[in-house]
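Put chain B on the given structure of chain U with help from the hints.
Number of protein chains: 2
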Amino acid sequence: RMQSSRSKPCSCPSLKLREVASMYFTLVAAFLVILVVALQGSAPRQSDFPYKVPLDPQGLLELSWNVSYPEQAVHFQLLIRELHFGLLFGMSDRGEFENADLAVLWSDGHSSYFGDAWSDAKGQLHMDSQQDYQLLGARRAPEGLYLLFRRAFSTCDPKDYLIEDGTVHLIYGILEKPVHSLQAINVSALHGGLQRVQLLKPNISIPQLPRDMKSMEITAPDVVIPSQETTYWCYMAELPEGFPKHHIIMYEPVVTAGNEALVHHMEVFQCAADFDSFPRYNGPCDSKMKPERLNYCRHVLAAWAMGAQAFYYPEEAGLAFGGPGSSRYLRLEIHYHNPLVFKGRRDSSGIRLYYTATLRPYDAGIMELGLVYTPVMAIPPGEDSFILTGYCTDKCTQLALPSAGIRIFASQLHTHLAGRKVVTVLARHGRERQVVNADSHYSPHFQEIRMLKEVVAVFPGDELITTCTYNTEDRSRATVGGFGILEEMCVNYVHYYPQTQLELCKSAVDPGYLRRYFNLVNRFNDEEVCMCPQVSVPQQFYSIPWNTFNRDVLKSLYGFAPISVHCNKSSAVRFPGEWEKQPLPSITERLREPSPHCPPSAGAQPAAPVPLHLGQLRRD
Amino acid sequence: RMQSSRSKPCSCPSLKLREVASMYFTLVAAFLVILVVALQGSAPRQSDFPYKVPLDPQGLLELSWNVSYPEQAVHFQLLIRELHFGLLFGMSDRGEFENADLAVLWSDGHSSYFGDAWSDAKGQLHMDSQQDYQLLGARRAPEGLYLLFRRAFSTCDPKDYLIEDGTVHLIYGILEKPVHSLQAINVSALHGGLQRVQLLKPNISIPQLPRDMKSMEITAPDVVIPSQETTYWCYMAELPEGFPKHHIIMYEPVVTAGNEALVHHMEVFQCAADFDSFPRYNGPCDSKMKPERLNYCRHVLAAWAMGAQAFYYPEEAGLAFGGPGSSRYLRLEIHYHNPLVFKGRRDSSGIRLYYTATLRPYDAGIMELGLVYTPVMAIPPGEDSFILTGYCTDKCTQLALPSAGIRIFASQLHTHLAGRKVVTVLARHGRERQVVNADSHYSPHFQEIRMLKEVVAVFPGDELITTCTYNTEDRSRATVGGFGILEEMCVNYVHYYPQTQLELCKSAVDPGYLRRYFNLVNRFNDEEVCMCPQVSVPQQFYSIPWNTFNRDVLKSLYGFAPISVHCNKSSAVRFPGEWEKQPLPSITERLREPSPHCPPSAGAQPAAPVPLHLGQLRRD
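Protein sequences appear in the order of chains U and B. Heads up, the first sequence is in the UniProt record's numbering, so the first residue is 1 and it goes up one at a time. Heads up, the second sequence is in the UniProt record's numbering, so the first residue is 1 and it goes up one at a time.
Among the hints, erroneous ones may be present.
Identical chains blur together in the list; that is why a pair holds if it fits in one copy or across any two.
Said to hold, decoys possible - No more than 20 Å apart at the CA atoms, straight line, and that leaves these computed lysine to any residue pairs for SDA-like: (1) K159 - P594; (2) K581 - N550; (3) K581 - N547; (4) K581 - T374; (5) K581 - N525; (6) K555 - N525; (7) K395 - F459.
Calculated from the structure, these hints are not laboratory results.
Isolated chain U (complex conformation) (with noise of 0.2 Å):
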């Protein structure tokens, strides 16, 4: 673990330096840090920063992390294969490099320097005034330069990016010629990409695994990458003929060294107990050579993205797999990320499971929260963050629940191409009491199962709500719920145990106030939205003129109409009861925002770039 107390500078003279920071130019050298940088070295351990992911297609920038959650802090490695004159590396609110915030390592071709910088509305880069990636080290080694940093999760300074639970994008850009100050980098000029990751991931203790373990490699057979930017690769795998059930107890991913940063995310699916064979097939999942019962294998058993490490299940509880009842055939998917158009890689990557025959006290199951997939939950064009929530309600879970409770553990989210944020809390009587799990930096090219920072009890009688937010800024026309790519959904598969027979416990407003909807907008405006009954919600939809009272009654509406609630055992049979026309749940007491947590002024370092003795750069 790294050490953070090397870094800070006397901190007297770096106050009062502050308070002249527009004169830092000519007064930095009296105050300059001077740090020791070792030209050999031995590799950093592995377990100092357990967490790796490419930021390049071409794997040349290479991040390791460690989150400290006692320090608020992460510790950053960066390896850069081939350093020409610097790079920019830091985080945005969707990857974007405006509003960025930066560490920057710059050189003019002479001398280097390390500084904390921000980027404005324009692209344009400032010096931060107060430099909250803390450089802690940098040092050659064979295989490139390492640069060590650390940055508290927030930082108070509001050009600084928080980092927060979920989703974070990596931005990096790569300095090709020499530049004079961190003001002459031309950001819109500069190689560069972003990469998707959860930085802080949770630090739960791994649980113990049986000694009987056994494991499974669920792999792609030697596949050509195709030489396009994305394919989805399908490849089905079966169980032993008999095999028995077994608890899946973890499982990790199995990536083909040289594809690290090729292979985007991979899942395994189950296929439907229903039919007795599936066809074998090894291509494209949008082939028309696909066959059709290959849609039948849609039950998750694995799932894992870019930057996520092995899946553990807790001690308690395994995912069942094997034994009567249950398909022998598994689909393996691999979303193949090529931007680079590379030709001919081959690739083997895949899921590994570790499975046991001592099957453990419960079997986990998953549980579908938030919107029906209906086209009356829909959202305007045009809108920058609509939101939409789905209710899992007090009725439900009174029914279907056992009274001693449900435990999730871990999470995935998901939505179509116009999500940007998804939070489900628990509410019990009314009162919200847990965010179950939150991305405030959702992205639909990023759907990991999550572990959970903590496990979320869940008893009869409370209430799991949904919402998700939307963009729709490049759309013309109103976006329904549906199963389309270009239709949306609002879902939380949470992970949880014991299994229960509720697999599906989501809303969707009530239609007969919809057509309340349709009718009043058509009154009110004068306009003619063609009310008439054979014509479909979607259609309506689309018929709306979309003017701000239209767009504000619809929100009025999703946020006061009583809802129909799918509390169902499968997708088609629900739990007996009256599940049209429900109150919505009525929140009286809402989770307050966490008051960020700020590092004392001390730690951070004065506005002044720390120069580095890297030696003369461009070393190819």
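Just chain B, lined up with the frame of chain U:
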């Protein structure tokens, strides 16, 4: 002007200290800021603290202050005439003791301390982790103890109050018993109160005054202040017969010595020229004996409220009075605030008008912006911050303003009892350009005419948008627009030159669209809202069932429906043109919230109380 440099302790130890704030009680002795307390001293010069206000009704606490715009800080001098065991002084959103930002002087009977504290939502006091009320000195004088301290406008500490333009609610509390620590102070048991002031007085230079300037006092004739909390006193005065046209170029308060804490505000109104004479009157404004005709004396000549200083017209303009077409009759109105119910206090306060016969280039005028007084603009009950907006449209200013434009130099905001915030913004070509006047802590009990920091130029085609925020949490039925004290207004009286014919530039929602709203509410909710045409708009509002949908849709209506514009020469005479069903001005660019200027943290002191050498307290 106070020098703050004296107050800065060595910043190095204080910085380290902040890191170990929790240990401060043991460590503090090493880092004391020992204050030199002069036990005798000369009175401070008046000019050091030009603004003065009594805090309590007895005048035992007297606050003087100055404003340093270069330093972005206020320097306070608090005179405590009878010090017991300390006091609290501070600021909060609306004068409450919860969520307040406080400077506290307390004594355990032996030693005295000063510290920056905050109170939580339950009124519990906490030492602030950043000490932003900076003690500059303490001094005994024959009249009492003077405390001198400094506070930056903005500290960037989320626990601190942000000092903004407009009303500031000051609070004070007196410690009657010794306390052992700050945390031991029971805020709810304190003898305390609130005082409203405009803390950030504009620093505008005083215009040159002419040699022939004369003055005239309009003062109460030795009135016995009634022994009740609130009295509005009315006194009729007359200008001499044949008094020719003059320009009022300045006025100032005349407050009877000893009554500084009782005279809350005063206004001089000119009566309507339509009547040849007005009856004499000297008595309470709400008396049955008050002649009906006094209601026609409503044209404001001068207005003063506690804490305000002299009011100066700009050098180019004066307020016309006297001469043909102008009434000789004036009404002085004084609000006596006598919460301790003193008996037999005599008062001869009033306003001294300074005027000149040498007319200045321009007559000043007063224009009314905001909402028309009509019930169509209504606020649902139980709202904590409901917003209504009135528009002075481009079409009206195009028609009514001279091509050289007008200059607004002062403003008086006005609502009835539910008003909480008022702001007027100037927009040009749909872009917000400038705040004309804003008060985020507006109180209907503190309606001063305020000189603007900067004169605002308004040209033909500009829009003036006035937005009021209301709180109706204590009401059970809708609050409609109107003249009644329980009805509402949203008005900004702007003082400008050169005078034009435009007296009133206001708006209200189109009544036809409001009818559609009533219709829609009726149909959507399956409720019986009486739509019979003979039922008044207030009655229709009173019968609405106020669910979230009806509330939201009313907001949407006000944000969407066309408006009826009153672009009037006087309250009854419109400029020619079509003023019904006008489009709402569309604003494409909002003004940014100013980002607060945070002082370098070196300026603030660590979280430790500062001991004072005051000797044993309770000298009486």
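Status of the hints after comparison with the structure:
1. K159 - P594: both (19 Å within a copy, 14 Å between copies)
2. K581 - N550: Between copies only: 19 Å across chains, 23 Å inside a chain, cut-off 20 Å.
3. K581 - N547: between (28 Å within a copy, 17 Å between copies)
4. K581 - T374: Cα proximity of K581 and T374: one copy only (16 Å, versus 39 Å across).
5. K581 - N525: For K581 and N525, the Cα distance is within 20 Å only across copies (14 Å; inside one copy 27 Å).
6. K555 - N525: Intra 17 Å, inter 16 Å, cutoff 20 Å: intra and inter.
7. K395 - F459: Classified as within; 11 Å inside a copy, 61 Å across copies.
Hint compliance for this structure: no hint is broken.
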